[in-house]
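Engineer: Sequence:
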Amino acid sequence: MRTLPQLIGDVARGKEHARDLPEDEAQALFGAWLADDLDAYSQGALWTAYRIKGESMEELLGFVSASEHAMHRVNGPAGPLPIILPSYNGARREANLLPLLALVLARAGVPVLLHGSHGGAAEDADLALTDHSPAKRVSSAALLTALGLPAAGSPQAIHDDLRQRNLAHAPIDVLSPGLARILALRRRLGVRSSVHTVVKLINPFGGPAMHCAAVTHPPYLERLKAFFGRTRRRALCLRGTEGEPFAHPKRRPALLGCEDGVCTTLMEKDGQPLLRLPDLPADGGVTATCRFIEEVLNGTLALPDPLFDQAACLLVLSGRSPDLDAAGAVLAAILPAQRPHASSRKSLPPSPGALP
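Anchor point for the sequence shown: position 18 equals 18 in full-length UniProt numbering, and the numbering is continuous, going up by one each time.
Keep in mind that the hints were calculated from the coordinates and are not lab data.
Hints are not guaranteed to be accurate.
Claimed, not checked - Simulated DEER-style distance windows between Cβ atoms:
| # | residue 1 | residue 2 | range |
| --- | --- | --- | --- |
| 1 | T48 | A254 | 29 to 35 Å |
| 2 | V191 | G285 | 26 to 32 Å |
| 3 | R93 | G207 | 36 to 42 Å |
| 4 | G261 | G79 | 23 to 29 Å |
Positions of the beta carbon are idealized from the N, C-alpha and C atoms, including for glycine.
Given only the sequences and the hints, what does the whole structure look like? Please build it.
Structural biologist: This is the structure in structure tokens:
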């Protein structure tokens, strides 16, 4: 690998003149960063340079590969592909319903690994940054903890939780101390960087898994499709709710499935006017959101239609159900208050890993 000043010199020349690194150099550079082999000045320079330049696809592939080599790997249970839900944004304007999606999928018989930052609304209340401020956001970690599902404190606890309840809530600090240390630069430097994309794409499992990846801005869906096309990983891509990978409960985004290097639209964006407003939490706080989650799971309220559709797609892509109709039947069986609804669906072929 070339010297560190040479690499920084390439990527830190500004948006017009910066040069992209080849995949092998990007992997080596990020591997050194994860190992804490870069001095503080170099880390700050790289963080800021990539915020300005953005990462190329070759660099992103190298960063993800280095991250996966350096992290604790999880062994998934036998059966459907485990589903990975990255949660690093939290929600401020809307209720964060990602824990609800995770709990529904786990109840349907699919192992779910939700990983992310462990901080909640109170921890970041005083961190008012101008670049996607985390202040006053309600994290998935805060909600799951309030629901009696505390974060796994060790790699072994992640294994145990997956086997005992089909759901593990894993802080990035446990999965990858190196990534956690790099992410902590956000608090010191005030801006996001390429590592916020990397954590959406890592596979902590030792074998194949099913990614659920979301973007805030629709043009970035092309970046996700390109990544999953190159890596041939199975994934569901969508425009998330405040950056979290769940469908907006009032309007379903386009749901894109990626498998064997090909990405197709499973369900088009919902363009029809709402016939009725879905039941939603009274506010986005922890108490109201937890109450809503419990009412959906116990059958008092229905799961909002867009999340129902997203869950059905995930059941098919994970191999839990052979098609969307079968997936809908599974969800209706475990959610007593669910009502049938019309949705624009493609007829998916049976998933190769589908269970009977």
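Engineer: Run every hint past the structure and note whether it holds.
Structural biologist: The hints, checked one at a time:
Here the CB-CB span from T48 to A254 is close to 33 Å, well matched to the stated 29 to 35 Å. A hinted range of 26 to 32 Å for the beta carbons of V191 and G285 is consistent with their spacing of about 28 Å. The supplied range of 36 to 42 Å is met by R93 and G207, whose beta-carbon atoms lie about 37 Å from each other. One distance hint, 23 to 29 Å for the beta-carbon pair G261 and G79, holds here, with the actual separation near 24 Å.
Every hint, counting from the list given before, is met by this structure.
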